[in-house]
Amino acid sequence: MSETDNSMSLIVFSNDFDKAMAAFILATGAASSGMSVSIFFTFWGLSLLRKDNFSRPGKSLIEKMFGWMLPKGPSGTGLSKMHFMGAGTGMMKSIMKKKNMTSLEELLSMAQALNVRIVACTTSMEMMGMKKEELIDGIDIGGVATYLAASKNSNINLFI
Amino acid sequence: MSETDNSMSLIVFSNDFDKAMAAFILATGAASSGMSVSIFFTFWGLSLLRKDNFSRPGKSLIEKMFGWMLPKGPSGTGLSKMHFMGAGTGMMKSIMKKKNMTSLEELLSMAQALNVRIVACTTSMEMMGMKKEELIDGIDIGGVATYLAASKNSNINLFI
Amino acid sequence: MSETDNSMSLIVFSNDFDKAMAAFILATGAASSGMSVSIFFTFWGLSLLRKDNFSRPGKSLIEKMFGWMLPKGPSGTGLSKMHFMGAGTGMMKSIMKKKNMTSLEELLSMAQALNVRIVACTTSMEMMGMKKEELIDGIDIGGVATYLAASKNSNINLFI
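Chains as they are written, first to last, in the working numbering: chain A, 2 to 161; chain B, 2 to 161; chain C, 2 to 161.
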């Protein structure tokens, strides 16, 4: 039996633009209100943490193919619905800009400034052939044990 | 450190028919068993709360386009898989009818009758250009702070 | 007010290969670390529990159609993204094999060996016209009340 901390742990599995927005709005909102927040990026979600211009030498062909097909960071992501070959996503981003809403890139920086702990999943990194140097700075890497340690006493656990 | 209430907080992000069914079966089941339940409708999920026949004047062209493309209420939604241009979804709905299963529209009314708190996300409303009068009656509106206040002490938090 | 047990309850709604992998990696990781773990398979997730070679007589035409279209067990599932008519999924499986990563089939057996409780959702079974004998051995069946009883005191609740 255990009590819960004042904390939130998110698993971001998806790299959809809209789901990433939801995750970062929740994370920055919770961190601003004094909660300690961790986000675990697994599988497709990992591509949200990729550096914009980085090519690691020595990848296998199949790892290279994954590298080409996955978005590089927040700017390459699309909507989970109505993406319409980019038109729907572009429309959504232009609405957000017009209404002065915070962009996904800004939310990611804001989360890091608010000490949101960002963890890249080691199993997913291995599966997709990604190394730590391909990912943005200031993040941790860890597996399921790291996730369980953080989420076990969290008030709010979500899989996004 | 805090203990948890006897409560459930759901975020409904999707407007897929099947995921909405899952959310309302969980919510009405929990409310029937005496738990206090809140559902936060964000992003695409917001369209589940739209009134059937409502056109708000004064929308921008881009807001009108979103209005046309998004389903109006539960009846306009489709399956997340095997939608098949409506055929799969229609098939599923006809099976449910034949087996006397509760429809999505009925589950929504049942949830309201059981005092499930329904909250429309203000950030998503702004993003999609929706106003409160376009949404069904008897609901609250709120942002991430409203969600955190409700979910912080909930036993069960899910993102659907 | 109640305290939480040392336990995890997952709802597996999806039958995507990647999401199923995530669910079983979390479940086996938690069970290995001494947590008691339950997984509730609902809707599409139910097809992960289907026996490989089983045809139940007496199905209606529409139930047969669902039977044909849904995957039979873990080996028939595909990625949620980049499935590419099977090519993407096959590529992912071959990478996993090359890197000696545990397959989805092995993770399912491992979960059962670690006493992870596997529950098939009765409402979904009814909706899809599936009977208990079509599903793998050693599992429970139950509805929303079974889920609530397990998840109410769980530290970690996720909807996958």
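FYI, nobody ran anything at the bench for these hints, they're computed from the structure.
Mixed in with the good hints, there may be bad ones.
Identical copies go unnamed one by one, so any copy, or any two together, can satisfy a pair.
[Stated by the list, open to error] Computed list of lysine-lysine pairs in DSS-like fashion (alpha-carbon distance at most 27 Å, straight line):
id : residue 1 : residue 2
1  : Lys132    : Lys82
2  : Lys98     : Lys133
3  : Lys82     : Lys94
4  : Lys73     : Lys100
5  : Lys100    : Lys82
6  : Lys100    : Lys132
7  : Lys133    : Lys100
8  : Lys132    : Lys73
9  : Lys82     : Lys60
10 : Lys100    : Lys65
11 : Lys52     : Lys132
Hints, verified against the model:
{"no.": "1", "hint": "Lys132 / Lys82", "result": "between (30 Å within a copy, 22 Å between copies)"}
{"no.": "2", "hint": "Lys98 / Lys133", "result": "between (32 Å within a copy, 22 Å between copies)"}
{"no.": "3", "hint": "Lys82 / Lys94", "result": "both (14 Å within a copy, 22 Å between copies)"}
{"no.": "4", "hint": "Lys73 / Lys100", "result": "both (26 Å within a copy, 24 Å between copies)"}
{"no.": "5", "hint": "Lys100 / Lys82", "result": "within (21 Å within a copy, 31 Å between copies)"}
{"no.": "6", "hint": "Lys100 / Lys132", "result": "between (37 Å within a copy, 15 Å between copies)"}
{"no.": "7", "hint": "Lys133 / Lys100", "result": "between (36 Å within a copy, 18 Å between copies)"}
{"no.": "8", "hint": "Lys132 / Lys73", "result": "within (14 Å within a copy, 35 Å between copies)"}
{"no.": "9", "hint": "Lys82 / Lys60", "result": "between (32 Å within a copy, 22 Å between copies)"}
{"no.": "10", "hint": "Lys100 / Lys65", "result": "between (38 Å within a copy, 16 Å between copies)"}
{"no.": "11", "hint": "Lys52 / Lys132", "result": "within (11 Å within a copy, 38 Å between copies)"}
When each numbered hint is compared with the structure, no violation occurs for any of them.
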